[in-house]
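Chains as they are written, first to last, in the working numbering: chain G, 1 to 118; chain R, 1001 to 1337; chain U, 2001 to 2102; chain V, 3001 to 3164.
Heads up, a few of these hints could be off.
[Stated by the list, open to error] Rough simulated footprint, nothing fancy, chain R against chain G, three-plus residues with beta-carbon under 8 Å:
1. 14–28
2. 61–67
[Said to hold, decoys possible] Straight-line C-alpha distance at most 27 Å; calculated BS3-like pairs for lysine-lysine:
3. R/K1317 with G/K112
4. R/K1075 with R/K1043
5. R/K1071 with R/K1043
6. R/K1075 with R/K1055
7. G/K111 with R/K1317
8. R/K1055 with R/K1071
Hints were generated in silico from the structure; no laboratory data involved. If you're wondering where the values come from, they're calculated on a predicted model, not measured in any experiment. Glycine included, each C-beta is placed from N, C-alpha and C at the ideal position.
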Amino acid sequence: MPLDWAYVAVFALVGAVMAVLPLGVVWLLAPRSQYAHKRIPYESGIVPFGEAWSQFHVRYYLFGLAFLLFDIEVIYIYPWAVVLRELGGFALVEMAVFLGVLGVALAYAWKKGALEWA
Amino acid sequence: MGLGGLLDALWQVEFLRMVVLAAVVFTFLAVGGPLFLVLAERKISAWIQARVGPKHVGPHGILQTVADTVKLLQKESIVPHRADVVLFTAAPVLVAVAALLDWIVIPFAPGVIVRDLNVGILYFAAVSSLTVIGILTGGWASNNKYSLLGGLRSAAQMVSYELPLGFSLLVVATLTGTLSTVRIVEAQPYPAHFYPSVIVAAVVFLIAATAEANRIPFDLPEAEAELVAGYFSEYTPMRFALFQLGEYGALLASSALFTTLFLGGWKGPFALPGVGPVVDGMVWFLLKTYAVVFFLMWVRWTYPRSRIDQLLNVSWKILLPVSMANLLVAGVLVVLG
Amino acid sequence: MIGPAHYLGVSALLFGLGLYGVLTRRNAVAILMGIELMLNAANINFVAFTKFVDPTFVRGHVAALIVITLAACEAVVGLALVINAYRHLETVNVDQVNLMKG
Amino acid sequence: MNAEALAFYALAAMVLVGGFLVVQSRNLVHAAISLVPTLLGVAGLYVLLNAEFVTAIQILIYVGAITVLILFVILLTEGATGLRVRQRNEQVPLALLVCGILVVLFLVVLLRVPWGPPTGPMPAYNPGAVGRSFLMPYVLAFEVTSLVILASLVGAIVVARREG
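Just chain G, with the same shape it has in the complex (with noise of 0.2 Å):
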């Protein structure tokens, strides 16, 4: 088992090393020439003004928290799954529960509008 995973931490390494090996090749053959102005980031043609990290509305975080909050839920689902067969009922009403409850968290971050790009 810790081989599986082991194939998983070596194709990381080995797709680093060639995804960065190109890069290489771009530094060895690509021109480089100095001039400020080609280093100011892109805005239609503006100089830029201010921080390009300033804040952003907070609606993406209500995005982000029912993702997580949802996304959770995957731990018990999974071993749910495999084991629904062996369980049978029983772990059908459970997950039936775990389920509605879950719905009403749907129902109510839909209701107070979490749920909208506004």
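With chain G's structure known, arrange chains R, U and V on it following the hints.
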């Protein structure tokens, strides 16, 4: 003790196998992904819009993307003023690596799979979710307002569609009782299973996968009229190409997973004469995968772009409740036999 | 041979780092990141005990999964507080958020 | 030294260096991104401990969701503009002392414990074992977590949206 003494001989062979396989899959991803798909996309869009498309480089323009790659290698690499150089480079690398890691659990043919992980489809969902971090990081590190805004939008969209996608995987896991991709293929009746919940899950998966790959009608993050080019506005030659590799790699991986979960993977309607089960499986698998890719491209060039509020509504108010209910239906089907 | 002490050692060091972050950071989000490190340290212990002490019912894994769930809930509520504080007080530094002092 | 030890030390280094960057970076975006290698290193340790399901969940939830949310909030509030602000309070020497003593104490204790053999073998199929545990002995915890999720969703929406 030298390094050779540290690792026994068997381990060395295994390690070599890992490195070679990683290199092979990466090459497949680069060639079968952007190199082929960008060309295919340009040809298909041309065909749909009654144009000619690329035709000068090579016969019928088939070498166009090769020429583009050579061009990209010679282009100057520009890092914006006051950008965070390390993260600016690490972001596209992370996106490309995440796309590569997806392929570990994809079965090409009976026995042709990098590793059949016990937690197969969960693993696929997990490594695909790393892309979001790469996109947010890239958008922030560019020191450009449009890039950051594009990155945030992209992240909001991708996380919204990760949920219905995850629930579709769960429906399949529930019906087959396993998370291993190989066993999911084996458990599927061929040509297709006709459980209604599988069909619903397949449709949800297809919509969500299109959105995850940031494609029209879901390509808001790079709505060029509003946001220049989205999170990769500031990206020039090779770093940009890595984002492309990640994007097309993920598109191809989603199509491959769709084939694996819903279209019977390597199983074909008939055995090809004169080839073994491995070649036969790979041919059918790749045919189906590219058919799914073609379908997604067709959608892209047929529909207009939607607004971000419409797009998030589809995910949260239609796909998510439908897939939660669908999961329970699948559970009932399993318990009743 | 890597035994339980190795894992618990890493976990102790990670816990120390997290606690240091919690005690010294001024930014509320940074404090939250310190807490995440401490929770991860606890999880390493749970999972290590499952392998080296008591694999029955994989209790440690269950505990670790519940900790991950609660970590997510805690992050969601904590970050909501951060956003609210930022909107009202225009700071996320906890030593400047002292409305209760009156 | 065998492959397991090599992997362990590499992962431990990744976790601790990443954790150090998380608490030390002045730039909060860097701190949040340093969480990624730290949490992936912890996931790697879970692999060595045969906890396959927890590993996958660690990557999916911790790295793919919690870190994203933290990044969101940093970008929504101060981002890197916090660079001009002092990031530490006056408790640094005291905190170093407390944490140092605590860690030494932990290490002393765990080196003195006599570790016996485990009470039984690990179940072969990890996700299945977790599922059986959740639905049989720990079914109450399983149901209560759904209520906790509901409660924190309600709380977070109320707190984050309150205007004025």
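task: Tell me, in ascending order, the numbers of any earlier hints that this structure violates.
output: none
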